[in-house]
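Trainee: Please model the entire structure based on the sequences and the hints provided.
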Amino acid sequence: MRFENKKVVIASSGGSIGLRTAGLMAEEGACVALVSLPPEGKVSAQLTDEVACENIVSYTVSDFASEEEMEALSKKILEKIGTVDVIVTALIDKAPEGEWNEISDEDAHKTVRNILTGAETVLKFFLPPMIEKESGHVVIVTSVAGRTNVPGTPWPEALAYAGLGGVIRNGATVFGKNSVTFNGVAVGPVEGMDQPAYITENVSGIWGRKATGDDVANAVMYLSDDLSCWNTGEIVDLNGGFFAL
Amino acid sequence: MNRLINKTAVFVGGGSSVGSVALKSYLEEGANVVLVDIDEKYFERTRELREQYGPGRVATFIGACTNQADMDAAMKFAVDTFGKIDVLINLAGFHGSGHAEDIVEEQWNLAMDVTCSGAYRGIMAVLPYMKAQKSGHIVNFTSLGGRGNRGVAVSYAAWKAGCTGMTKAFAMALAPYGISVTAFAPGTLDTKQFERIPEKGSVPFKMPPGGFPGMPGFKGPALYNGQSVIKDRPIATLEEIAGALVYLGSDESSYLTGDCVDMNGGILMQT
Amino acid sequence: MQKLANRTAVFIGGGSAVATVALRHFMKEGANVLLVDVKDEYFERSLPERQQYPDRIKTMVASCTVPEEMAQAMAYAKEVFGKIDILCYYSGFHGMGNIMTVPETQWNIALEVNCFGFYNAVRAVYPYMKENQYGRIMNFASIGGRANRGVAITYATSKAGTIGLTRALAMALAKDGITINSMAPASLDTSEFERIAEKDSVPMKRPPMPPPGAGGPGGPGATRGGSFIPDRPIADLNEIAHVIVFMCSDDSAFLTGDCLDINGGQYMQP
Numbered sequence: 025m026r027f028e029n030k031k032v033v034i035a036s037s038g039g040s041i042g043l044r045t046a047g048l049m050a051e052e053g054a055c056v057a058l059v060s061l062p063p064e065g066k067v068s069a070q071l072t073d074e075v076a077c078e079n080i081v082s083y084t085v086s087d088f089a090s091e092e093e094m095e096a097l098s099k100k101i102l103e104k105i106g107t108v109d110v111i112v113t114a115l116i117d118k119a120p121e122g123e124w125n126e127i128s129d130e131d132a133h134k135t136v137r138n139i140l141t142g143a144e145t146v147l148k149f150f151l152p153p154m155i156e157k158e159s160g161h162v163v164i165v166t167s168v169a170g171r172t173n174v175p176g177t178p179w180p181e182a183l184a185y186a187g188l189g190g191v192i193r194n195g196a197t198v199f200g201k202n203s204v205t206f207n208g209v210a211v212g213p214v215e216g217m218d219q220p221a222y223i224t225e226n227v228s229g230i231w232g233r234k235a236t237g238d239d240v241a242n243a244v245m246y247l248s249d250d251l252s253c254w255n256t257g258e259i260v261d262l263n264g265g266f267f268a269l
Numbered sequence: 002m003n004r005l006i007n008k009t010a011v012f013v014g015g016g017s018s019v020g021s022v023a024l025k026s027y028l029e030e031g032a033n034v035v036l037v038d039i040d041e042k043y044f045e046r047t048r049e050l051r052e053q054y055g056p057g058r059v060a061t062f063i064g065a066c067t068n069q070a071d072m073d074a075a076m077k078f079a080v081d082t083f084g085k086i087d088v089l090i091n092l093a094g095f096h097g098s099g100h101a102e103d104i105v106e107e108q109w110n111l112a113m114d115v116t117c118s119g120a121y122r123g124i125m126a127v128l129p130y131m132k133a134q135k136s137g138h139i140v141n142f143t144s145l146g147g148r149g150n151r152g153v154a155v156s157y158a159a160w161k162a163g164c165t166g167m168t169k170a171f172a173m174a175l176a177p178y179g180i181s182v183t184a185f186a187p188g189t190l191d192t193k194q195f196e197r198i199p200e201k202g203s204v205p206f207k208m209p210p211g212g213f214p215g216m217p218g219f220k221g222p223a224l225y226n227g228q229s230v231i232k233d234r235p236i237a238t239l240e241e242i243a244g245a246l247v248y249l250g251s252d253e254s255s256y257l258t259g260d261c262v263d264m265n266g267g268i269l270m271q272t
Numbered sequence: 040m041q042k043l044a045n046r047t048a049v050f051i052g053g054g055s056a057v058a059t060v061a062l063r064h065f066m067k068e069g070a071n072v073l074l075v076d077v078k079d080e081y082f083e084r085s086l087p088e089r090q091q092y093p094d095r096i097k098t099m100v101a102s103c104t105v106p107e108e109m110a111q112a113m114a115y116a117k118e119v120f121g122k123i124d125i126l127c128y129y130s131g132f133h134g135m136g137n138i139m140t141v142p143e144t145q146w147n148i149a150l151e152v153n154c155f156g157f158y159n160a161v162r163a164v165y166p167y168m169k170e171n172q173y174g175r176i177m178n179f180a181s182i183g184g185r186a187n188r189g190v191a192i193t194y195a196t197s198k199a200g201t202i203g204l205t206r207a208l209a210m211a212l213a214k215d216g217i218t219i220n221s222m223a224p225a226s227l228d229t230s231e232f233e234r235i236a237e238k239d240s241v242p243m244k245r246p247p248m249p250p251p252g253a254g255g256p257g258g259p260g261a262t263r264g265g266s267f268i269p270d271r272p273i274a275d276l277n278e279i280a281h282v283i284v285f286m287c288s289d290d291s292a293f294l295t296g297d298c299l300d301i302n303g304g305q306y307m308q309p
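Protein chains in written order, with the working numbering: chain G, 25 to 269; chain L, 2 to 272; chain B, 40 to 309.
Note that these hints are calculated values from the structure, not bench results.
You may find that some hints are simply not true.
Unchecked claim - Partial pick of chain B residues on the chain L-facing surface, computed with a CB cut under 7 Å:
hint, residue
1, Arg185
2, Ala186
3, Asn187
4, Ile301
5, Gly304
Just so it is clear, CB atoms sit at the ideal spot from N, CA and C, and this is done for glycine as well.
Mentor: Here it is in C-alpha cells:
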C-alpha cells in the first residue's frame, strides 16, 4: 500500500476533494485526520456514506485562520496520531457576487482570510513535526483562478489563490533543506464541490466533464508519494485543459 | 500494485535508462509493455527483467522514431501482441552539440527529428488505435532544459520546448477522443546504473572557450546554475521518474491534459 | 518625443527609491506627478526634482491601507492637474518569518499593503480613469512572489497574491480602456538613497552565516540565482524606470494583466 502507516492531515472547507482524498489515502493505508468546517458530524456522516472510514478521524474547526483554534487542534491531533507525514489543504471560499469595486472590505478580507491565511495557519501548526524529522509532503489545492485570468473571477479570490502559489514556492524553497516538499494542484470545476459560477461556467475544459474528487485526490496522492520527493514547487494544472503551463 | 492493470504501454525510446526503469514500475503495476528502440543493444539493459516477466507481459521492437513507417509498424506490433494500446510514452531524445555559436546544422536537424518530430510520429502512429477505443494516455518526456534557463545545447532546449508546446496542441486536439496528452519535464537524472550508450549520430558537445554558463568549470559571472532546493538531493533517481510516469500513464491522471509536470527539485518553479 | 506628454500620474508609495528615480523619467517624458506616501520624510529624496518642477510635482501624505485617504489623494490629483491617466503603485512591505515563524501581524500588514492597498488605490482612481476611458496602472510586484526565492513568507505570498489581483482587475477594467500590469524585478540598486525602514516592520532575523554552498535561508542552491548579464548582478533603478515608462505610455496599449519579469534572466518562465 502506497501510504501504509503514513499520517495525513487534510484541511478541507468541505466537499468531495477533502472527502475523496481522505478516502483514497486511507484505502492505501494512511491514517487520516480530516479537518473540516462545521456543522459538526456532517463530514462523519458523509464519510460513512461515501468512503471506507476505518482509518479516518474527523475534526471540526470554525476558522482555519484562527491561530488559537489551529494550535489547540494541532495539539489534539498530534496527540492522537503522533506525527504528520502529509499535509493537504483544500480551502475554498466564494467571494460575494457583484461589481469588482462594490465588494465590501469586510467580505474581501474574509475571502482572503478563509483561503490564504487559513492555509498558512494550518501549515504553521502542522509543519513542525515534518521539519523536525526532516521528511514530509505538503500539497495545497488551489484554483485555476489563481493561475490565469478566468473571466468573472472576483479579485479577492484571484488574490488568495495566486497567493497560495507564493506559499508553495516559498515553502518549497525554504524547507527543501528539511526534505519537505511543497506542491499544488490548481483545479477547475470539480464534482461535489460548492464552487462559484465563474468556475463552473467559464472554465469549460475540453473533456466536457468536471473533474471528480478522485481525479483531484489522485493528483494529491501523486504529489504526496515518497517517490515524488524530487517534485517540489510545482503546481499541477488539473483543470481539464483550460489552462496548462 | 495494480495501478496499470490490464493496460498496454508502448515506450518509444524504451531502451533508454528512463525507459528501462519505467519498464520495471509498469510491469509491477500490472501493465504489458512494448519497448521500441533503434538497436538491440538498448534492450540488453532490461534482459533479466524481461525474462522474469516473460513474453506475455513485455516485448521489444526495433524501430526508429525518425521513420513514420517504423512507428506505424511498432504500434501495429503492440496491438497484435497485446490487443490494444493504452499508454504511449515518447522517451526518445537527442541533445545535439554546440553552444550558440557552434551549432552544427545536421545536429540541429537531427535533434528536431528525434525529440520533436519523433514524438509527433509516435502520436500519429498510435492515434488510430486510441481514437477507436476512445481512450489513451500520451506522455511526452521533455526536459527542464526546454523549460528554464539552463546551460544545455541550444538544439536540446529548442526541441524539448517544442515538444512541450506540441503537447498542449495535441491535448486540445485529441481530448474529443478521450485521449490525454501530457508532458513531463525532469531536471538531471541519476543514470549511473546503466552504461552510457551515445546517442546515435551525435558528435561530442564542444565547450566554448572559458566554459559554458551553467556548466561546471565555468569561469564567468556567477550565473543561475540553479540547483535542487532539497537537501542532499542534487538529482533525481530513475525510480522517482518512473513513479511520475506511472501517475501520468494511469487513469489516476485521466483529467489532466496539456499540462507539463515539472519534477526538478525546485530548480524551476513556474508561476 | 515625450512618451508621457500631458499625462498625469499618481505614485502611491511615491517616496520609495524606485518611485523617486521613476519620477525623474516621468519629468523628462512630460508627465505631471502626485507623490503619495505615508510620511513627509520620504519626499526629501525627490527634493531636487520638486524644486526643479514645482508645478509638475505635488506631494501628499496618505496611506494606501486607508480607502478614504486614497480617495482624497486621487481627488487632490484631479484638483491640481485636472485629470488622472496613470497610477503607479510602489508601496510594499516585506514582513518577516517563514511559514512556521511568521507573526500574524506581519502577515496581515503584508497583505494589507501589497494587496488590499493596491486594490484601494485602483478603486479610488477608477472614477477618474473611467471618465476619460483611459488609464495605465502599474503594480510593483517582485520575483520574490514569482519564483523560488527564500524571501520572507509574507513577501512571497503577498507579492504572488498581488500578481493574481492584477490579472483579476485587468479583466474587470479593460472595458474602460484601462490597462493594468504588474512587474517583478529582482534585486535593485538603491544605494543612491538612505534606507528608511518600512512602517511597522520588524527587522528580519537572518540566520547565522551558513557554510559555503548551504544557500541562505532556502535549501541548497535555492537562492544562488544571479543575473545572466555580465557584471550586472542587480538592476539600476533607471532601467526599472524605463520599463515603468513603457508600461504607463501609449506604447503598451495592448498589454494588460501581464507581469513583466525584469531580472537579468535569473528566472525565465516557460
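Trainee: Kindly indicate which numbered hints from before are broken by the structure, ordering the numbers from low to high.
Mentor: 4
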